[in-house]
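Student: Whenever a hint applies, use it, and build me the whole structure from the sequences.
Protein chains: 4
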Amino acid sequence: MTPKQAKYTLINDPIYGFITVQSPLIFDLIQHPYFQRLRRIRQMGCSALVFPGARHSRFEHALGALHLMQKALTSLLQKGVDISPEEQEAVQIAILLHDIGHGPFSHALENTIVQKHSHEQLSLQIMQRLDDEFDGALSLAIDVFTNSHPKKFLYQLVSGPIDMDRMDYLRRDSFYSGMLEGNINTERLLAVINVVDNQLVFGEKGILSLEKFLIARRLMYWQVYLHKTSLVAELMMTKTLQRAHELLLQGETLEGSDILVAFLKTDNLRDFSGGDALDLYLALDDTDVMYCLKKWHSHPDWVLQRLAGGLIDRKLYAIQTQTNPYQKNDTEFIQEKLRQQYPEVPLNYIFFQGNVSNELYGVKNAIQLLSKDQTIIRFDQHPSSLMNQLPHAKQQLHYMAFPKELS
Amino acid sequence: MTPKQAKYTLINDPIYGFITVQSPLIFDLIQHPYFQRLRRIRQMGCSALVFPGARHSRFEHALGALHLMQKALTSLLQKGVDISPEEQEAVQIAILLHDIGHGPFSHALENTIVQKHSHEQLSLQIMQRLDDEFDGALSLAIDVFTNSHPKKFLYQLVSGPIDMDRMDYLRRDSFYSGMLEGNINTERLLAVINVVDNQLVFGEKGILSLEKFLIARRLMYWQVYLHKTSLVAELMMTKTLQRAHELLLQGETLEGSDILVAFLKTDNLRDFSGGDALDLYLALDDTDVMYCLKKWHSHPDWVLQRLAGGLIDRKLYAIQTQTNPYQKNDTEFIQEKLRQQYPEVPLNYIFFQGNVSNELYGVKNAIQLLSKDQTIIRFDQHPSSLMNQLPHAKQQLHYMAFPKELS
Amino acid sequence: MTPKQAKYTLINDPIYGFITVQSPLIFDLIQHPYFQRLRRIRQMGCSALVFPGARHSRFEHALGALHLMQKALTSLLQKGVDISPEEQEAVQIAILLHDIGHGPFSHALENTIVQKHSHEQLSLQIMQRLDDEFDGALSLAIDVFTNSHPKKFLYQLVSGPIDMDRMDYLRRDSFYSGMLEGNINTERLLAVINVVDNQLVFGEKGILSLEKFLIARRLMYWQVYLHKTSLVAELMMTKTLQRAHELLLQGETLEGSDILVAFLKTDNLRDFSGGDALDLYLALDDTDVMYCLKKWHSHPDWVLQRLAGGLIDRKLYAIQTQTNPYQKNDTEFIQEKLRQQYPEVPLNYIFFQGNVSNELYGVKNAIQLLSKDQTIIRFDQHPSSLMNQLPHAKQQLHYMAFPKELS
Amino acid sequence: MTPKQAKYTLINDPIYGFITVQSPLIFDLIQHPYFQRLRRIRQMGCSALVFPGARHSRFEHALGALHLMQKALTSLLQKGVDISPEEQEAVQIAILLHDIGHGPFSHALENTIVQKHSHEQLSLQIMQRLDDEFDGALSLAIDVFTNSHPKKFLYQLVSGPIDMDRMDYLRRDSFYSGMLEGNINTERLLAVINVVDNQLVFGEKGILSLEKFLIARRLMYWQVYLHKTSLVAELMMTKTLQRAHELLLQGETLEGSDILVAFLKTDNLRDFSGGDALDLYLALDDTDVMYCLKKWHSHPDWVLQRLAGGLIDRKLYAIQTQTNPYQKNDTEFIQEKLRQQYPEVPLNYIFFQGNVSNELYGVKNAIQLLSKDQTIIRFDQHPSSLMNQLPHAKQQLHYMAFPKELS
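Protein chains in written order, with the working numbering: chain X, 15 to 421; chain B, 15 to 421; chain H, 15 to 421; chain U, 15 to 421.
It is possible that some hints are incorrect.
Which copy? The list can't say, so a pair holds if one copy fits it or any two copies do.
[What the hints assert, rightly or not] Lysine-lysine pairs mimicking BS3-like chemistry, simulated, CA-CA at most 25 Å apart:
(1) 342 with 93
(2) 309 with 342
(3) 242 with 386
(4) 386 with 418
(5) 93 with 242
(6) 219 with 242
(7) 378 with 351
Derived by calculation from the structure, the hints in this document are not laboratory data.
Tutor: This is how it looks when you write it as structure tokens:
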């Protein structure tokens, strides 16, 4: 397809019908191997073990967020907000590439081979590479992505309390998981956005839709993202990688993807400033992790075999949860049984304890409302919003997990 | 269709696909003119002036509630709850007929010709008539409807904090109004219901779905049922009927439906204990009201003509709303202008003031949860529920309405 | 709402989410009593007796067709088709008002008080009135509607083998009736439209979508529009009006809507060139018909009472159908029984016989395809289309209907 | 989860909401590693390169077909068809496991390492293994699956012109690909099924739904399954495996999944009667294929690198299609250019030619209708069916594909 035709390229999407690619540059970015890699990285990691339909990739999510950004731009332009064609393309590129730095099973990897929060930094590094390759065509997009562009509201469309990323992933994850209650009405939210004093605001008449958005998000967190079975699968994934790392440091050899094994072998492979590490990282996707799990399923090390095999055959650990921290008595009782049944296994691989949390609404990252009289008011300070009645403290869930076969 | 075939009668429904009629008696009740009358009474009164798709009738709603009751019974029977075939039919009949006493534009009528809360009493009177006609076949259903049946949970399925009536109307009103955010996942709620100690309970793992239900209900109230334009239309409807009543008492004759005019003519036609009044009432539907509005559109009385014509041509009064009561200054300013512009019109027909309210969750009619350890706990007392953090006070909206043409 | 704001007026629609009104003139036309009248005329006549959800009005349909026209314009403009802003507004107005001449229960009325095919003529007369009222602002729209505009493709968007009218009503009727199989993918069809040699064409790659459109249409005709129960209801409606007309000519007085009765009383009230008749016509809607049916339910004339009462209480005649014409023997046998059971009733009110037909695809009104090599080819001549293998003859269904209570 | 609770296990599914597992044995089969393996085999092979959402696996499809089988059983039991509880479980197991013998990218594999049509034989072999493991509990299911059970209609529910397999995959593939036009109304089809003379029949009133089913299937074939871009991707996949096989036979070593490489190394590994080969086969899934593609992306052999890398980076060959066979002139012209540009590359790896076909309706596997007078008639012989007007010959599409970079 020649760039000229690219203007009206249509991509089928089960949620939005068609997604349109509106510029040749964006078309070329989508075609680039770095972006095509996202096809091989699932959006929801281990969740398909609980929600079988939730197999969508970061590729579709990035395109979906692009689509919502186009709708947001249309809404703002209709209201007379000044956004030049170049800025429109830049903010589209920024949202398209916002997750390009994600690795496979990011949460598990971030606890092992990649440092926390680095996927945004990696996204930036990859964008800079693409900017070089495309002769500086991405520089405005990078300004938006790094919040260096004077029009701050463009950044808020990419990363804010209610941005196109969140809108798409909530809607998409809800759609594919079958948890329809998490669905949100993106159309109604985008109808009420506006820009005042260089910041993104939501018309007051959208209050109930915003509440609905937050409640849908809360529901998706507790019912899907932090579902106890997803949680135990992700913990097992993290522990699998830790065990592999440990065995490799002890000099053992492991079969499986040589790239992933190489990452796990190095004690501290977290510096991506050198180009080579980034090259390796860009070669990594879900395939490598899954291939390792399949190999390790039959590894002689009991721990590695139990964890990797459990993920392959869906023989997950049992997990218990409660809102209050577990009493020492409770955990010690289980731990003692585990020590008796598995005398040679390090406890940290058969007993997982911790907590997860989520907050309904964060004051730090407040949603700004535009009232009928054109003043701006924080969502949590609006008299008729439920948010002004809710303590915004995080809610916690404590968990304890161990092999199901514990007698 | 013979009763035998009736067992598998399928009714097309845009929401549930097919609705099945499972007993010959229920089939006969649906065929009865009293039930067919519900086809001519819209569920949402004046709302179609704001949400054009919201034209569905109480007929579809009653069938939808029947469908959900069947699903609820299946869910309870699977869990081993003891409900005899006779009780199953009875509770289906009770929900099918729960609204059979509704008149046209009920809210407006209740403020004029029918007393408040009487539609439940009228439903009961009509059920008793049907019981006579069907040789006592509805007596068990009447027991359930009046909460005289020893299995209290059957009543709670018909009328409780989360009953089949509410479930269907929220879902249906959301569907037809296009306010998709009001949609609720009835399937998930019905999957967690159970009966303990003779009362209907919801499994603890349904907490988030229940929260979602309440938030969807809140959204539907403020965004749809109490939408300010719907509200002003309903106020105009009430005032139209009041004005007609007033003119009739003054000896004027009014064209239009003679049944409705007869109702309006009598000073106090609110006693339905005599069979004749009930006969008349059963002949009344939306057609009568609409026919009168069309006639009164050209009536010489300015008030009647402005109100009725406004409803026909959608020339509604302007309406202002705010969360705090209006100051006397504000209202007097408007009233003064109105007196000058319409010196001969009684103020109560051109100036409407008042408030509407809705509460997110009512402690009086508390939802009962069944925790994992089989104890029952009130929803608003559960530690991980948002409800325990919300003051349950009603939220209010104050309004002020008057002719748009006020200069 | 001031005209300036009207630019972004959003109307809730359960099918498309939001419908946008894009010009002050269109906003004013929607507000006009002539257009508001469409709220009181159901799109599908008697169909709600079979498909309870199918209660939508011509008002929503007209708005839906407007919405699709906007999408069609966007698709054509993106492909470089030259359509001026004035023409864009004109074609939107033409589709918005294409059905404004429809009366209540049109098919029944057309067989009695209004001449066949006249609803298009009436639409035109009403548009001309509006053109006068709006100082000539509708003249371009009238040119498009009457196919007098040089850009013939604009007319084809309003009235052609696949126009915005058909697209919306198939999708809308399918949605509300719950007959989901009639659904069509308007988005995909609109993505492939184009204009070549001043005519509307569909890109070759839309062949399967077009086939699907025609099959969906076929299904909707046979399963919904010509459903035998809808059909018998409509026949009863026609006969009701004929009987009323007959009784009135015999000098009887009938209660009910005086406007409708006036229409029925006159022997030949089919000339709408005089303004007064049009005024009366514009005062007529479903309310008048329903009010008459309710009144006639208790009329002493057995025929009128049986027909009108049957429509109110859904006591419809029995109807039989078959693909071949009925044999004289069969019909005479039934007729003889009817004569014995109802010796005093004219046979034409208790025995209905006839046929209905529909064709899958009409060569007269052929769909034009644009092939990859830019030549135009008729759909039914395209080698890979099913249409070239199907005889396009009409398919017929013969029916016979009579009172169910025939022993 | 203990078997007792398994009775009401609910699995989230984005299409049907919840899928219920109704027996402990079925629950255990789903938990078995053989069935869990299906999570790692995509239903639609390479299609996600064209329809990004189409990433669902054979696991969800098998569960979906199970769900439809439960609905079909309910429909038949309601009509009084005699099916014992054991037979009900057996036919559910038969449909659940009907695809358990599928390997990754089956179409490509079947042309290389696995013999054609063998996936059904493999399914049977795997069922027999499971039957051994579950002490003969699957023997009735195997009878149904092999059509050895006297109730032939049970087999027809699993494998017939309109079986639960086809119903689910059409609906599911339509849903995930976003090609909504392929959607079918399974509910309506299942409402009209019945059994007469030991064979599955469809009530005559389902004719239009059946037509719609066939048209939806036709659309899905031409627009999705045989989409030219999916087709070229699948051809590249086949050729990749062939090239790998060729290189291995030449003594080269290939990196990648050792299991897949082992399969490819053997000249004739198509005999699965020995248990070891089946063990290896059951260890194979999409991961192995994808891992090999990633490795071969950088293999020195130009052919392997171009094909494998093209599939990873979506740099697919260009493909042309037409309904008539290509002329020798056309193909020789291209071939000559290819020989000049790639003098050392065997032509069969850079020039693909062939055709694909699909028939709307096959007389061999005819659908049987039950007419109102209880006689059985073939769908293609019914007077009012479109099928009696269509020649049932296959429709063909000829293609020609080669590297896009051909100058």
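Student: At most 25 Å between CA atoms: does that hold for residue 93 and residue 242 within a copy, between copies, both, or neither?
Tutor: between (44 Å within a copy, 24 Å between copies)
Student: How do residue 386 and residue 418 come out at 25 Å by Cα distance, when the copy is not named: within, between, both, or neither?
Tutor: Close across copies (19 Å), not inside one copy (57 Å); limit 25 Å.
Student: When no copy is specified for residue 309 and residue 342, does a C-alpha distance of 25 Å or less occur within a copy, between copies, both, or neither?
Tutor: neither (37 Å within a copy, 49 Å between copies)
Student: My question is about residue 242 and residue 386: at a cut-off of 25 Å on alpha-carbon distance, are they close within one copy, between copies, both, or neither?
Tutor: between (43 Å within a copy, 15 Å between copies)
Student: Using 25 Å as the alpha carbon limit, work out where residue 219 and residue 242 are close: within a copy, between copies, both or neither.
Tutor: For residue 219 and residue 242, the Cα distance is within 25 Å only across copies (12 Å; inside one copy 36 Å).
Student: Indicate which option fits the pair residue 378, residue 351 if close means a Cα-Cα distance not exceeding 25 Å: within, between, both or neither.
Tutor: neither (44 Å within a copy, 47 Å between copies)
Student: Could you figure out if residue 342 and residue 93 sit no more than 25 Å apart (CA to CA) within one copy, between two copies, both or neither?
Tutor: Neither, since 59 Å and 36 Å both go past 25 Å.
Taken one by one, the earlier hints fail for this structure at numbers 1, 2 and 7, listed in ascending order.
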